[in-house]
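Enquirer: Protein chains in written order, with numbering that gives the first Met the number 0: chain F, 0 to 251; chain H, 0 to 327; chain L, 0 to 315.
One or more hints might be untrue.
Incomplete in silico selection of chain H near chain F, CB under 10 Å [said to hold, decoys possible]: (1) 16; (2) 19; (3) 34; (4) 213; (5) 219; (6) 228.
Have a look at the derived ranges for each label pair, beta carbon to beta carbon [claimed, not checked]: (7) 49/H <-> 101/L: 35 to 43 Å; (8) 192/H <-> 153/L: 50 to 58 Å; (9) 188/H <-> 90/L: 49 to 57 Å; (10) 28/L <-> 118/H: 35 to 43 Å; (11) 26/H <-> 153/L: 43 to 51 Å; (12) 12/H <-> 182/F: 22 to 30 Å; (13) 153/L <-> 51/H: 16 to 24 Å.
Keep in mind the hints are simulated off the structure, nothing from the lab. Since the structure is predicted, the reported quantities are computational estimates derived from the model, not experimental observations. Heads up, the beta-carbon is just placed ideally off N, CA and C, and yes, glycines get one too.
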Amino acid sequence: MIETQDLTRRYGDTVVVDGVSLRLPARSFVSIIGANGAGKSSLLSMVSRLLPASAGRAFVDGLDVAATPGDVLARRLGILRQENGIAARVTIRDLVAFGRYPHAKGRLTAADRAHVADALAFLDLEPLADRFLDEVSGGQRQRAHIAMVLAQDTDCILLDEPLNNLDMRHAAGMMGLLRRAVDERGRTIVAVLHDINFASCYSDRIVAMRDGKVVAVGPPEEIVTEAVLREVYGIEVEVVLVRGYRTVFFYR
Amino acid sequence: MPAVHEAPALSRLGSRLGPGWVLALLALAAAGVVVAFMTIGANGRWGFVLPFRGTKVASLLLVAGAVATATVLFQTVSGNRILTPAIMGFDALYRLIQTGFVVVVGAGGFGDPRLRFLVETGAMMLFALLLYRWLLDRSGRGLHVLLLVGVICGVLFRSLSQVLQRMLDPNQFVVLQTSFFANFNAVRPDLLGLAALVLLAAGIGVWRLLPRLDVLLLGRETAIALGVDHRRTLSRVLVLVAVLVSVSTALVGPVTFLGLLVAHLAYRVMPTYRHAVVLPAAALIAAIALVGGQLVLERVFAMNAALSIVIEFLGGLTLLVLLAGRAR
Amino acid sequence: MRRPSARGAGYALLALLALSALAAASLLVGVGDLRDAEILAVSRVPRTLALILAGAGMAVAGVIMQLVAQNRFVEPSTAGTADSATLGMLLVTLLAPDAPVVVKMLAAAATALAGTALFLRVLRAMPLRERLTVPLVGIMLGGVVGAASTFIAYRTDMLQFLGTWQAGDVSTVLRGRYELLWLSAVLTFLAYAMADRITIAGLGRDASVNLGLDYRRVVALAIALVASITAVTIATAGTIPFVGLVVPNLVSLVAGDTLRRSLPLVAGAGAGLLLLCDVLGRLIRYPFEIPVGTVMGVVGGGLFLVLLLRRDAGRA
C-alpha cells in the first residue's frame with residue numbers, strides 16, 4: 000500500500016506538487032494522468048525517495064520513505080524512470096541482473112539468476128539478452144529497463160511513462176503484462192500514463208492531476224468522463240463506450 | 000536511432016578471451032616490462048642497479064595504481080567517461096594545499112616529510128570532499144556545469160598557488176619549487192613506504208565498495224532505486240579519489256592525461272563493466288605505460304626526465320583520436 | 000524589454016569612466032618616481048597601452064571564437080589556439096633565431112590558425128557535440144600541442160623562453176617592445192567591420208546559407224582574425240587566460256549577442272579587466288610584482304565560477 004500525506008515539492012517560488020494526500024490500496028493498478036508539468040513525475044519521484052519532499056510524507060507498506068534505509072525500501076519498491084542514459088557499456092542481461100542487487104548485493108545466487116531469466120522471458124528479451132544497451136532500439140531498451148524493475152521482485156512498482164518508445168504491439172503487451180502482475184502476483188503498480196485510453200482500459204483506479212494538485216481519484220468510470228477530462232486537460236473530448244471500455248476520442 | 004556500431008578490434012579480442020585471460024595477459028606484460036626495466040643494461044652492477052631502479056619502479060607502480068584507480072572511480076561517480084580528477088582540478092587543489100602549508104608553517108614546519116604528507120593528505124581529503132560533493136550534489140542533472148566548474152577550479156587553484164608562492168620570501172620559494180618540480184625521476188624514497196601503505200588502505204576501501212560501484216554506473220536515480228545510499232557512497236568515493244590523487248601528486252606531480260588514457264583502454268579491452276576487473280586492468284595498463292615508457296626513454300633514447308611530457312603528449316593525442324573516432 | 004539601446008549607452012558610459020580610472024591607476028602605480036618623465040614615457044605608458052590593447056584584443060578574439068564554435072565556453076586558450084601560437088613562436092625561434100619579431104609573430108599566427116582549424120575539424124567529427132565537451136576537447140588539444148612544445152623546448156634547452164610565452168606578464172613591456180600590439184587594434188576594428196557577418200555565421204551553417212552568406216569564407220576569416228590577435232598578444236605579453244571567456248559572457252548578460260552592439264563593450268571591458276588585474280598584481284606584494292596572467296587566473300576564474308554557478312542555480 001502506498002500513502003502520501005500533504006506531499007509538497009517546491010523549486011524556489013514554484014510549487015510543482017501541492018499538498019497531495021493519497022491512499023493507494025495494495026494489489027491494484029493505479030494510473031496517474033495529467034497534462035505536461037502537472038507534477039506527476041515529481042510525485043512519483045518523491046514517493047520513491049529519488050527526490051526529497053519539501054513538505055509532507057510518503058509511506059510504502061507503512062514505512063516512511065524518508066526515514067527507511069535505502070536497501071530496505073529497495074526490496075519493497077521498484078521504480079522505472081523515464082529513460083536515463085547509462086555511460087557504461089552494459090548488456091541487457093547485466094542490466095536486468097542489477098535488479099537483483101537489493102537482494103544479492105552483487106553476488107548472484109541460483110534463485111537470483113532464475114528471477115533474471117524469468118524477467119527476460121516475461122518481456123520477450125531472451126534473444127537480445129547479450130546485446131549491449133547501446134546496440135538495441137529505444138523500445139527494446141525500454142523493455143530492458145522494465146525487466147530490471149520486475150527482476151527486483153518488489154511488491155510495489157512505480158513506472159514513469161512505461162509506454163515511452165513502445166510500438167502498438169509492445170505497448171498493449173506491456174499493459175497486459177502489468178495487469179497480470181497485479182492479478183496473478185499481487186503486485187501494486189502505479190504508472191504515469193499519457194495514453195488516456197490505456198489508462199481507462201487497464202486501471203483499477205485513476206489519479207488525475209493538474210497544477211500539482213489531485214483533481215480527482217476514482218475508478219475509470221468516474222474519471223474518464225467528458226467533464227473531468229475537460230478540467231484536467233482543458234480540452235473538449237468525446238467519451239464513447241467501446242466493448243464496455245470508456246474510450247476517449249480527441250484526435251480532431 | 001539504434002546505433003548498431005561495429006565493435007572495435009580491441010574489445011572483440013577482449014570478448015573472445017574473457018576478462019580473466021585479459022587480466023592475466025596484462026599482468027604478464029606488466030611483469031615483463033618491470034623485469035626488463037630492472038635488468039636491461041645493468042652490466043652486472045647489481046648492488047647499485049637493483050635498489051636504484053627498484054625505488055624508481057616502485058614509485059612508478061604506485062603512481063600507476065593511484066592514477067588509474069582514481070580516474071575510473073571518478074568517472075563512475077560522475078557518470079562521464081571524459082572526466083578525470085586531474086581535469087577537475089584535484090591535483091591543483093593538492094598543490095594549493097601544499098603551498099598553503101608552506102605559507103602557514105614554513106618549508107620545514109613539520110620536520111618529517113612523512114608527517115607533512117599525512118597532514119596534507121588529510122587536508123586534501125577534507126577539502127575535496129566538501130568541494131566536490133557540493134558540486135556533484137548541486138548539479139545532479141547538469142553534469143556539464145560541473146565539468147566546466149572543475150576545469151575553472153583547476154586554473155583558479157593553480158593561479159592561487161602561484162600568487163601564494165610569490166608571497167613567500169625567495170628562500171622558501173626555492174625550497175617549494177624544488178619539491179614541486181617533481182617528475183618521474185625525482186623519486187621520493189622517503190615517501191615510498193608510507194605512500195604504499197596509504198595506497199593499500201585506499202585499495203581495501205575500494206574493494207569494499209566494488210558491488211556498489213557497479214550499481215552507480217546505472218546513474219544516481221537507478222542506484223537509489225536499487226537501494227544504494229548514493230550520497231554516502233559518493234562521499235566515500237570522493238575521499239578515496241582525494242587520497243589517491245594525493246599519493247600520485249606527492250610522488251611525481253600532476254599527470255593529466257595518463258588516467259584518461261588508461262581508463263579508456265581498460266574499458267576497451269575489458270568485455271565487462273565490472274569494477275572488479277576494470278580497475279585492475281586500468282592499473283596494469285598504467286603500469287605498462289609508465290614503466291615501459293620509462294624503459295624506452297632511458298635505454299633507447301637516453302632521455303631521463305621526459306616521461307611525463309611524452310605520456311602527456313601521447314595520452315592526449317590518443318584520446319583525441321578516440322573521441323574523434325567515435326564519429327564513425 | 001526596457002530600451003536596450005539606452006541601457007547599453009548607460010553601460011558604455013560607465014565602462015568608459017571605469018576604463019579611464021583604471022588606466023590612470025596603471026600610470027600611477029609602480030616603484031619608480033613619477034616625477035621622472037622618462038619612466039612614464041618608456042615604461043608606464045607603453046605598459047598601460049599594452050594592457051588595453053591586449054585585453055581588448057583577447058576579449059574580442061574570445062567572443063568571435065564563441066560565435067564561430069557556437070559555444071559559450073570557448074576562447075583562444077580553450078580551443079588550442081594559444082598553445083598552437085606558442086608552438087609556432089618556439090619553432091620559428093629555433094629555426095630562425097634572428098628573425099624580426101614581426102616574422103615570428105606571423106609564424107605564430109600561421110600555427111595558431113592551423114591549430115584552430117584542427118579544433119573546428121575535430122568538433123565537426125564529433126558525434127555528440129555536448130555543450131561542455133567542446134571546450135574540453137579544446138583544452139585537450141591545447142594540452143597535446145603544449146606537451147609537444149614542452150618536449151621540443153626540453154630537448155633544445157628552450158624551456159625558459161617557452162615560459163615567457165605561456166605566462167602572461169607585462170612587467171617587461173617597454174617602449175619599442177609592445178608596438179606590435181597596435182596591429183591587434185587594427186584587427187579588432189576589422190572584426191567590428193565584419194560584425195554582422197560573424198553574428199550570422201554564429202547562427203550556424205544552415206541559417207547563414209539561408210541568408211545568402213558564404214559561410215566557409217566568413218568562418219575562415221573569423222578564425223584568421225582570432226589566430227592573429229592571439230599570436231600578437233602572445234608574442235608581446237604572453238598567454239592571458241580567461242579574458243576571452245569571462246568578458247563576453249558578462250557582456251552578453253547585459254547587452255546580448257548582437258556583435259555590432261556588444262563588440263565595443265567587450266573590447267572596453269576586456270581592457271578594463273586586464274588593467275585591473277595588472278594594477279592588483281603590482282599592489283599585492285609591493286614592491287614585487289605578480290604577473291598579470293596569474294592574477295587573471297584568480298580574478299577571472301573566480302568571476303567565471305560565480306557567473307556559472309549563479310546561472311546554474313537560476314535554472315534549477
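Enquirer: For each hint, tell me whether it holds in the structure or not.
Expert: Hint-by-hint comparison with the structure:
no., hint, result
1, 16, "16 Å, violated"
2, 19, "17 Å, violated"
3, 34, "34 Å, violated"
4, 213, "7 Å, holds"
5, 219, "8 Å, holds"
6, 228, "5 Å, holds"
7, 49/H <-> 101/L: 35 to 43 Å, "56 Å, violated"
8, 192/H <-> 153/L: 50 to 58 Å, "31 Å, violated"
9, 188/H <-> 90/L: 49 to 57 Å, "39 Å, violated"
10, 28/L <-> 118/H: 35 to 43 Å, "38 Å, holds"
11, 26/H <-> 153/L: 43 to 51 Å, "33 Å, violated"
12, 12/H <-> 182/F: 22 to 30 Å, "49 Å, violated"
13, 153/L <-> 51/H: 16 to 24 Å, "23 Å, holds"
The structure shown violates the earlier hints numbered 1, 2, 3, 7, 8, 9, 11 and 12.
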